[in-house]
Amino acid sequence: MARLETVGEALARQGVSRRAFLKFCAATTSLMALPPSMIPRVAAALEAARRPSVIWLSFQECTGCTESLTRSDSPTVEGLIFDVISLDYHHTLLAAAGEAAELDRKQAMEENWGNYLVVVDGSIPLGNPGYSTIAGISNVDMLQETVEGAAAVVAVGTCAAFGGIPHADPNPTGAVGVGEIVKDKPIINVSGCPPIPVAITGVLAQYLTFGQLPEMDELGRPKAFFGQSIHDRCYRRPFYDNGQFAESFDDEGARAGWCLFKLGCKGPITYNACATVKWNSGTSFPIEAGHPCLGCAEPNFWDKGGFYQPLSEVEWGGWTQLGTAAAAGAAIGAASALAARSKQKKAREEEA
Amino acid sequence: MTLLDFARGPAMQWAFVIFGIGVAWRLVGMFLLLRDRAKARARRDAPVSDGTRAIIMRSVPPKELEHHIVFQHVSGYAWHIGFFVTILFFGPHMPFWKSILGFGWPTLPSEVITVVGAITIAVLIALLVRRLSHPVLRVISTADDYISVIVTILPLLTGLISYANIGFDKETNLALHLLSIVLVLVWFPFGKLMHLFLAFPTRYKAGADYGRKGVAA
Amino acid sequence: MSGLGDIAVAVEITTGNVTPLLHEVRHALQRLLDTGEPTVIDLHSLPLAPGELAALENELGEGEVSATLNALGPSLLRETAVPGVWFVTHRNANEEITGQYLEIVKIPAILEAQEVDIRLGIAALSENLEQTKAQDHRDTQDGST
Ligand code: SF4
Numbered sequence: 001m002a003r004l005e006t007v008g009e010a011l012a013r014q015g016v017s018r019r020a021f022l023k024f025c026a027a028t029t030s031l032m033a034l035p036p037s038m039i040p041r042v043a044a045a046l047e048a049a050r051r052p053s054v055i056w057l058s059f060q061e062c063t064g065c066t067e068s069l070t071r072s073d074s075p076t077v078e079g080l081i082f083d084v085i086s087l088d089y090h091h092t093l094l095a096a097a098g099e100a101a102e103l104d105r106k107q108a109m110e111e112n113w114g115n116y117l118v119v120v121d122g123s124i125p126l127g128n129p130g131y132s133t134i135a136g137i138s139n140v141d142m143l144q145e146t147v148e149g150a151a152a153v154v155a156v157g158t159c160a161a162f163g164g165i166p167h168a169d170p171n172p173t174g175a176v177g178v179g180e181i182v183k184d185k186p187i188i189n190v191s192g193c194p195p196i197p198v199a200i201t202g203v204l205a206q207y208l209t210f211g212q213l214p215e216m217d218e219l220g221r222p223k224a225f226f227g228q229s230i231h232d233r234c235y236r237r238p239f240y241d242n243g244q245f246a247e248s249f250d251d252e253g254a255r256a257g258w259c260l261f262k263l264g265c266k267g268p269i270t271y272n273a274c275a276t277v278k279w280n281s282g283t284s285f286p287i288e289a290g291h292p293c294l295g296c297a298e299p300n301f302w303d304k305g306g307f308y309q310p311l312s313e314v315e316w317g318g319w320t321q322l323g324t325a326a327a328a329g330a331a332i333g334a335a336s337a338l339a340a341r342s343k344q345k346k347a348r349e350e351e352a
Numbered sequence: 001m002t003l004l005d006f007a008r009g010p011a012m013q014w015a016f017v018i019f020g021i022g023v024a025w026r027l028v029g030m031f032l033l034l035r036d037r038a039k040a041r042a043r044r045d046a047p048v049s050d051g052t053r054a055i056i057m058r059s060v061p062p063k064e065l066e067h068h069i070v071f072q073h074v075s076g077y078a079w080h081i082g083f084f085v086t087i088l089f090f091g092p093h094m095p096f097w098k099s100i101l102g103f104g105w106p107t108l109p110s111e112v113i114t115v116v117g118a119i120t121i122a123v124l125i126a127l128l129v130r131r132l133s134h135p136v137l138r139v140i141s142t143a144d145d146y147i148s149v150i151v152t153i154l155p156l157l158t159g160l161i162s163y164a165n166i167g168f169d170k171e172t173n174l175a176l177h178l179l180s181i182v183l184v185l186v187w188f189p190f191g192k193l194m195h196l197f198l199a200f201p202t203r204y205k206a207g208a209d210y211g212r213k214g215v216a217a
Numbered sequence: 001m002s003g004l005g006d007i008a009v010a011v012e013i014t015t016g017n018v019t020p021l022l023h024e025v026r027h028a029l030q031r032l033l034d035t036g037e038p039t040v041i042d043l044h045s046l047p048l049a050p051g052e053l054a055a056l057e058n059e060l061g062e063g064e065v066s067a068t069l070n071a072l073g074p075s076l077l078r079e080t081a082v083p084g085v086w087f088v089t090h091r092n093a094n095e096e097i098t099g100q101y102l103e104i105v106k107i108p109a110i111l112e113a114q115e116v117d118i119r120l121g122i123a124a125l126s127e128n129l130e131q132t133k134a135q136d137h138r139d140t141q142d143g144s145t
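Protein chains in written order, with our numbering: chain A, 1 to 352; chain B, 1 to 217; chain C, 1 to 145.
Fair warning: there could be bad hints in the mix.
To be verified - What follows is a list of derived Cβ distance ranges for each label pair:
hint	chain 1	residue 1	chain 2	residue 2	range
1	A	Phe249	C	Arg31	55 to 61 angstroms
2	C	Thr19	B	Ala78	48 to 54 angstroms
3	C	His23	A	Thr320	32 to 38 angstroms
4	C	Glu62	A	Glu247	41 to 47 angstroms
5	A	Thr320	B	Val85	44 to 50 angstroms
6	A	Leu219	C	Glu62	44 to 50 angstroms
7	B	Leu108	C	Gln30	38 to 44 angstroms
8	C	Gln30	A	Pro40	19 to 25 angstroms
9	C	His23	A	Glu247	34 to 40 angstroms
10	C	Asp139	A	Trp113	56 to 62 angstroms
11	A	Ala100	C	Ser66	51 to 57 angstroms
12	A	Ala335	B	Ser49	32 to 38 angstroms
13	A	Asp303	C	Gln30	51 to 57 angstroms
What the hints assert, rightly or not - Sample of chain C residues with no beta-carbon within 12 angstroms of chain A, all distances over it, derived:
hint	residue
14	Gly16
15	Ser45
16	Val88
Hints are computed from structural coordinates only; laboratory data are not their basis.
For glycine and all other residues, C-beta sits at the position ideal for the given N, C-alpha and C.
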């Protein structure tokens, strides 16, 4: 394996001052959702950490995830994480394409065998290998081949994590998430459509800093970001507790910023950090903008009834169905009553 | 399909079908089996007022027993009221009613409902314990009694758990809560829960048929 | 229409987190005084309703010191009217906020010159001096001929 330079060395080479490094560490600590008291430890660990090699594979996806991460065109602190990892292959960002790019991937794999991270965005179609290919290689084949020498796989976005939109009913391409295919490597799911950028970089930062994957929930998501539901951290929660709900998008309640539960909010069953980390550099998040949470970080969010259907609304069948059932019941009731009567009558006649 | 999808969809639909068939079956069957005419005639011919009187009289304890059954009396009313307040006036329940009835009504703050729900569970459990420990009550209790009480406690319990966000994750909690309602609907026609529909009509019928028995003082 | 502010939306929501936060700050100040131990509170780790951050800033007021740090984008370190309480906002080169903290400390550590940088500074300065010395030397030699 080629000796990778340490993060400290990489930053020094880029002329980053110690103050800037400390600022970077503060941001990294907060990316990992660690308390600020951890900053010195993060600084010490980061200085000595080796830059991991990362291979990024994009399958059936809309590039939203990559976009979420790289939307900014000048260096950001999140971006710096990218500078210090060595992103050896990302076919969306790579200048080279096709077989030349594939050569890069193979080389990075060979040089870092057993130590590189594979980041995947997009789902993998199992229906027909031709649905999605890169340089003539089907997605499944490329995934299986690439993860072989990987230390771990990071599934970025709901598509890679759980199949996402391509997986939605009727799933024409037979799309699945990484976890359905890769069984023998640690997988970490950073779901969301797209995921919060800092959740992606947070996982990378964790790996970078401590050389290990963060603690995960039962769906394989980093607990630091997916440990609590939107509802748990929602600033509209006091209204939920008070029973004050917006009934439509333009009523008094909506104007007063009341809870969006009745407008279909999936916050109570969605685990993500939008309510605290927020979007667009901490500006706001959907609920703050007056729209219920769609639940995009959860498996099958696309097929969970309507986006505007309240969680407690049930598909109970309707009055016609209930009426039909009642009619059937009434018929049985009438029949059994008549049977009982004729039995009684017979008994009486026998007695007489 | 997740557990929640199952609970909200097919399970709920089947529960309503079973509920519809069962309730209609029992009501129609019972109605058609009514005696044509009471063998012992009422002393006076005032079925409406006698029937109504019976409904009221049997909803309050008889004077002679008043002091002996304070606990049963008060607790019985308390949990019935608590139960209905909880299911009818908890904000998040409103979409459930709306999806069935097409209209809604004002609700109460969730904190109030939490307290009411907790008290209701406590009373129900106290009554269940009493049923198990009281020698006479134990002998006359049937499986139906136990099932009906437990089936009634479960929605309250799962509801409180899912509101408090303990136990499983929120989604599973919510699914279990909905399944506990499925259980109520399915059990309803076949056990004592049916008294929701029968309690008042049977009292009325008895009152109307027999009027007041005994010697007029 | 000139902006979002014109839309008649009256939002007055409180999470009730501001007051407990201020209590925490008070305890931290006492600790700073008693033991010298500083405290940093990450303002993005707790839910705050729109306007609450501003309310907090208002509550703490404006102090005597304010410093700008230019490293990977501008950072503003402002002492509040409560001495020892600093409102710290880190921004990246895009001026997007990357972190907001309340630091309860005599002076935020990041403001102090860092030893590594001082060493680099010494090296750079020495090199400069060496060069000037060499230059002077050359100049005198040139002049003598
Ligand atoms: S808006 Fe959604 S997440 Fe927020 S309190 Fe209401 S239901 Fe919960």
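Run the structure past the numbered hints and jot down the numbers of the failing ones, going up. 1, 2, 3, 5, 14, 15, 16
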